[in-house]
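Novice: Build out the structure end to end from the sequences listed, making use of the hints.
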Amino acid sequence: MPDGGSTGIGASVKRKEDYRFLVGEGNYTDDINRPNQTHTYMLRSSSAHAKFSLDTSNASKAKGVVKIFVGTDMEVGSIPCGWQVDSKDGTPMREPAHPPIAKDKVRYVGEIIAVIIAETLEDAKNAAELIDVNYDDIPVIIDMQKALDNSKGLVHDEIESNVCYDWEIGDSEAVDKAISEAAHITSLDIRNNRLIPNAIETRSAIGDYEHATGQYTLYTTSQNPHVIRLLMGAFVLGLPEHKLRVIAPDVGGGFGSKIFHYAEEAIVTWASNKIRRPVKWTADRSEAFISDAHGRDHVTSVKLALDKDGKFLALKVDTLANMGAYLSTFASSVPTYLYATLLAGTYTTPAIHCNVKSIFTNTVPVDAYRGAGRPEATYLIERIVDKAAREMGISQVEIRRKNFIPVDAFPYQTPVALQYDSGNYNATLDAALKKADYDGFASRKAESAKRGMLRGIGFSTYLEACGIAPSAVVGSLGARAGLFECAEVRVHPTGSVTVFTGSHSHGQGHETTFAQLVSEKLGISTDLVEISHGDTNNIPFGMGTYGSRSLAVGGEAIVKAMDKVIAKAKKIAAHIMEASADDIELNNGNFEIAGTDKSMSLADISLAAYVPHNYPHEELEPGLDEKAFYDPLNFTYPGGCHICEVEINPNTGEVKVEGMTAVDDVGMVINPMIVEGQIHGGLAQGIGQALLENAAYDNNGQLLSGSYMDYTMPRADNFVDFKVGNEVTLCTHNSLGVKGCGEVGAIGSPPAVINAVVDALSELGVNDISMPATSEKVWNAINNAKDKS
Amino acid sequence: MYELEYSMPSSVNDAVAEIKKSSEAKYLAGGMTLIPTLKARLSSADMLVDLKGANLSNVSVSSSEIVIGSMTRHCDVASSSEVLSSLPALAKLAGGIGDHMVRNCGTIGGSLANNDPAACYPSAVLALDATIITNERAITAEDFFVGMFETALNENEIITEVKFPIPEKASYIKFPNPASRYAMVGVFIAKKANGVAVAVTGAGENGVFRCSEIENALNSSFNVGSIDNVEISPDGLNNAIHASGSYRANLIKEMAKRALNEMI
Amino acid sequence: MEISITINGKEVKANIKANTLLSTFIRENLNLTGTHVGCDTSQCGACAIHLNGDAVKSCAILAAQADGAEITTIEGIANGDELHPMQQAFHENHGLQCGYCTPGMVMSSIKLVENNPNISEEEIRKGLEGNICRCTGYHNIVKSIKQAATEMGG
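Read top to bottom, the protein sequences are chains U, B and L. If you want this note's numbering, it's the 1-based position in the first sequence plus 2. If you want this note's numbering, it's the 1-based position in the second sequence plus 1342. If you want this note's numbering, it's the 1-based position in the third sequence plus 1.
To be clear, the hints were calculated from the coordinates, so they are not data collected in a lab. Glycine included, C-beta positions come from ideal geometry on N, C-alpha and C. Any given hint might turn out to be false.
Stated by the list, open to error - Here are some chain U residues the structure puts well away from chain L; computed CB gaps all over 12 Å: (1) Lys105; (2) Glu243; (3) Gln421; (4) Asp537; (5) Ser709.
As the list claims (entries may be wrong) - On the chain B side, residues computed to face chain U include the following (Cβ under 8 Å): (6) Ser1365; (7) Thr1473; (8) Pro1520.
Specialist: This is how it looks when you write it as C-alpha cells:
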C-alpha cells in the first residue's frame, strides 16, 4: 500500500465533513424553508386493494387550505422503471402504469390518493380528515405463491398476470444432468425476509417553481440528483434538463432507499407550478414505513449437487421475488442481474441455473436495499454450503477451501455471466479464522455448555459484484441508463481545488476520501480541497451513489480529470520554464524539469493559467479546470470471510452475538478508518436482517411492523465490538485498484449469523432456521427438535 | 396534534377545577405516552392539565412502607437512596423503563393511570399490594387495574401518591419486546410476611395479573426448582407478531426463575 | 400562549400555539435545525436536547411544558470554536457517518457520561437504548463515548 503521506492514499484522515454535523449545522432537506412556502400532507390509502372515490369539497374549504389535488388532476407520465428485464420467452417484462397519485384504484396501503397543500402542515392534516374516501375493496394479494394463480385475482387487471417476468440464467440442462448423477444433493427452502431501509432521516422534498424564469428547483433527499432530474424531467413531468435543478443537500442515510424516483418528488415539483408557491413535504416515520421502497423479500428453493468428496457440481435455484404493487426504479434488476449473476459465489461450481419469477403483490414496492440482490444470492449460497457440509460430515472450513476459485484462476469466468478479475479467498478465510480465534472456539463452547448455553460458530466466504457498472454490459441487459460517472477538477488561481463529483455522499465520507485522492495525486493537503456534490446546477453530470460505486467509478472519474489537469499543467510549466512538456515530472506537488532544480508548484501554474500573460495561447486555453467521464470496464469483486459466534439460551431462545469478525478484500483502501466504518454499518444491517428485522404484512395487506414499536431496529446493545480486518488484492481494471466497501458488511454477514445459530442448534437436530431468527423462533425450533427426538 | 390549550395549575385542587372546564381535557403526567398518541392523532384533548406544578413528586420512606408521589419521575425513583435501600427491586424496575431520556420525563402516576398492558410499574403495584392514593380515596392494587388501558379511576380523579408496603425481598425481571423495548413479559416477585406474590405484566390480554400457579409453588417451597413443574396456560396471554401466547407462557416461568435467582 | 425559555444561554420569548412540540419550536421558531426528528414514537432519539440539565426527547414534550426552562441544544455545547469533548471524540473516532442521528447521540451521551463518569462499555450500549443509528453499527459511537468519558473526567 503506498504511503501517501499524512493526507494521501492509505491515511485515516479524520473526516472533513464532521464539523458541520457535530455542531448541528448540517443542511438537510427538512432544514430548508423557501419564502412563501406551503406544506403538504399526502393522504394515503388505508386499503391494500380497492376501487375508490373521494370527495374533497369540505376539505377544500377548510382553514389554511391552498389546494387539494387528486389523481385525475395530475395527468402526467408514469413513474418509470429504469431497467427492462425480458422473460425467457423473449417477451418484455410487464410494466403497469404507475401514476404519482392513484386515480381510481389503490394497490397498496400507503399509496397516495390525495395531496393537500396548506399554509401549515397542521392545516393540511386537519383538512385531510375532512376528505371522504369510499373504498370498494378487492381481494388482496400478499402471498407470492398464491399470486402465481392469476384466477385468484390480479394486482393490475390491464397486464393480465401477477408475474412481471419469468427470467432465467445459466445452463438448465447441464444442471439437471449433474443433479441426476451427483453423489449427494442438498436442498433448502429459503425466505429472504422483507426489510425496511429506515435511514434515520425520513424522505423530504420541496418543489420551487419560479414563474419569471420558468425554472423549477427540487430539493430532495436523494442519492442521485441527476438521475431524479432525468427520470422525473423526461418521463414524468416532461421538463427539459435546463429548466430543472435538483438539489440533494446533506442526506441522512440512504442504503438504497433514496436512489429511486418517488411520486412525492414529482408531486411537489409539479404542484409548485400549479399553485405558484413552493411546496414542502416531509415524511413522518410511520409514513416512511409505507412509502419508502422495501428491500429483499425472496422465496427460494435451492439444490446443490456435490460429488462424493464434497466438490460442487451444480447449483439449481428457483426464486420468487416480490416487486410490490408497482415497479420501482431499479426493482426489476435486483432479483436478476444483481442476484443470479452472483450465484457462483467464491466457488468453482461448473453448472448453475437460476429461474426468477418476479411477482406483483398488494404491498409497498420493493427495490434495492444495501446489497440489493447480492445479499439474497450470498445467503442462499452460504446456507446451502453450510448444510451440505453438515450432511456430508465435512468441516465448514474444509468444504469451502475445497471449492474456492484458486488464486491462479483469475480472471475467472463464471457460468453466470460475470468475469471476476481478482481475489484470494483463502487469504481472507485464514485471516478471519485467526482474528475470530477459531482455534479457541471448542473451549468457549464447552464453557458455554457448563452454563447450560448453546454456542455456535458460522461462516460466510462471500463475494459480491459492485462498482456498478459497465454501461455497455448493463445496456445489453436492459438498463435504460448508462452507469458511468462524471467529475470536474477545478484548480483555482491560487492553487486550491474544488472537485465536482456526480457521486453523492450521505454518510460515506466522500468529502474526505475524494480529497485524499487529490492530495495523493496533486500533492496538496486535503485542507486545500473541497468536494462539491448534490446539485445538478453545479455538477456537470452524475449517476450517483449506490452499488458501492462511488470510489470505483466516481473516484476513477476524478482521477481521470486530474490526469487531464496534470497534463495541461505540465504544458503550462514547460512553456514558462522553457522546457519540453515531456521533461516535466510531478513530484510531491512540484512540477519539475527532470534532472534540474527548476520547478513550479501547482499554485504557480494555476496562477499563470488564470493570469495568462506569459502563456502558450496558440496551444492552450487559459484556466485549469478539467472534466472527465469514466465508464468502468467491469464490475468490481470484493469478497471476504465473515465469522459469527453466538450463544443461545435454550430456555428462552435468546440469541446473543458474542463475536462478529469480518475480513474483507475491498481492494486498495484509501481511508482505512472510513472503510472500517462502512463495514461496521453493513454488519449491523446484516445482523439486523438475520436476527431482528422483518416487515410483516397481514392477509389484508396491512403492514404489521409499521413503526419502531414493532419493527426491530438494531440498537447498540444488540452488538459487541466488531473485529474487522482486510486483505488486499487489487482490482485489475481501474487505476486505483479499488473495489468498493459500502455493501460488503450487509452482503456477507447474514448467512454467517444464521449458520452460527444453526451450528449451535445442530446438536439438537435443527438444520435450518429462517430469518430473522427471533428468540421465539429459536425457542420453537428447540422445542420441535426435542419433540422429534 | 389537534389544537389544544395547556395549563399548569399549582395544586391538585386547582387541577381538578381546571379539568372540569372541559369534558375533553386530559391530565398530563410526564406525557411519554400521551404526547406521542396526541401527536399521531390517535387520541385528542382540547386541554392538557399538566400536573407537574401540583407538588406531587416526592419519595418518603418509613419502616413499613415507601410512599412515592405520583409525579415522581422514573429516574428519581431509580436513583432514590430511600428506594435503593429499602426496595431495590422497585428502583431497578424504574431504571429499566424506556430509556434514560424517557425516564427523565415519565412518572409513576402517569404510568399507572395509563395502565399500558406492557408497562412495568403495574406489576410492582400488584405484587406488593400497593395502595393508590388519589385526591378522592385510597384504592387497593387489586381494585385499581381493571383491564387493558383501564383503571378504577373516576373521571377527573388524580393519583397523588402510591404506597408500597416493604416486602422481605423482591425482584423484577423484564424480557423486553425487541422492537419497542416495553415488557413482552415482566415478572415481579415479592416475598412478604403473608406469602409470595407474583405479578406479570406484558403478557396478559387484560394487562397485569397475579400468577397463582407460580405463587402456589413458591409458597410451598421458595426456590427456583419449585417453578420447574409449574404449567402456565397460554390462554388469555397476548398473541402478537413478536410473541405467541405459548412463548409468553414460557417466558413467565423463565423470568420468574431469573427473578428468583436474584432473590436467593 | 406566551412562553419564555432560555436556550443555549439566551432568553427567548415567543407566542406559540399550545400544541407546538418542543422539537418543532426549536427547529421552526428558533431555526436551530441541528435538533432532528427521526421517528414519531419517541424511540430514535435524534431530537435529544438538555432540559434543565436532563437529556430528554424534544419530540415528546410540548414547548409549553418547557416554559421557564433552560434548554441546551447541539448548537450550544461547544465552547466557541472548541468542541465539547463528546463532539471531539465523535470526530476522532469516526462516530458519525450521515450525521443525522449525531446531535441526539451527542446530547444523550453527554448526560450518560455526566451521570456515570466511569461508565462501562456495557452501560454505554445499554444507555444508548433510546438512540438509533442506522449507519455506524454503533461500534465507533461506543468508542467515542468511552474516549469522551475519560476526557470528561471519569
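Novice: Are the hints correct? Go through all of them and say.
Specialist: Do the hints match the structure? See the list:
1. With a least beta-carbon separation of about 29 Å from chain L, U/Lys105 lies farther than 12 Å from that chain, consistent with its non-interface assignment.
2. Residue-level check passed: U/Glu243 sits 28 Å from the nearest beta carbon of chain L, beyond 12 Å.
3. Annotated as non-interface, U/Gln421 keeps its C-beta farther than 12 Å from every C-beta of chain L; the closest such distance is 32 Å.
4. Every Cβ of chain L is farther than 12 Å from the Cβ of U/Asp537; the closest lies at roughly 18 Å, confirming the non-interface assignment.
5. Once the 12 Å rule is applied to beta carbons, U/Ser709 is inconsistent with being away from chain L; the minimum gap is 5 Å.
6. Interface hint at B/Ser1365: violated, since its Cβ lies 21 Å from the closest Cβ of chain U, which is beyond the 8 Å cut-off.
7. With a least beta-carbon distance of about 32 Å to chain U, the hint placing B/Thr1473 at the interface is violated under the 8 Å criterion.
8. The interface hint given for B/Pro1520 holds, since its Cβ lies 5 Å from the closest Cβ of chain U, which is under the 8 Å cut-off.
Figure legend: structure checked against the earlier numbered hints; hints not met, in rising order: 5, 6, 7.
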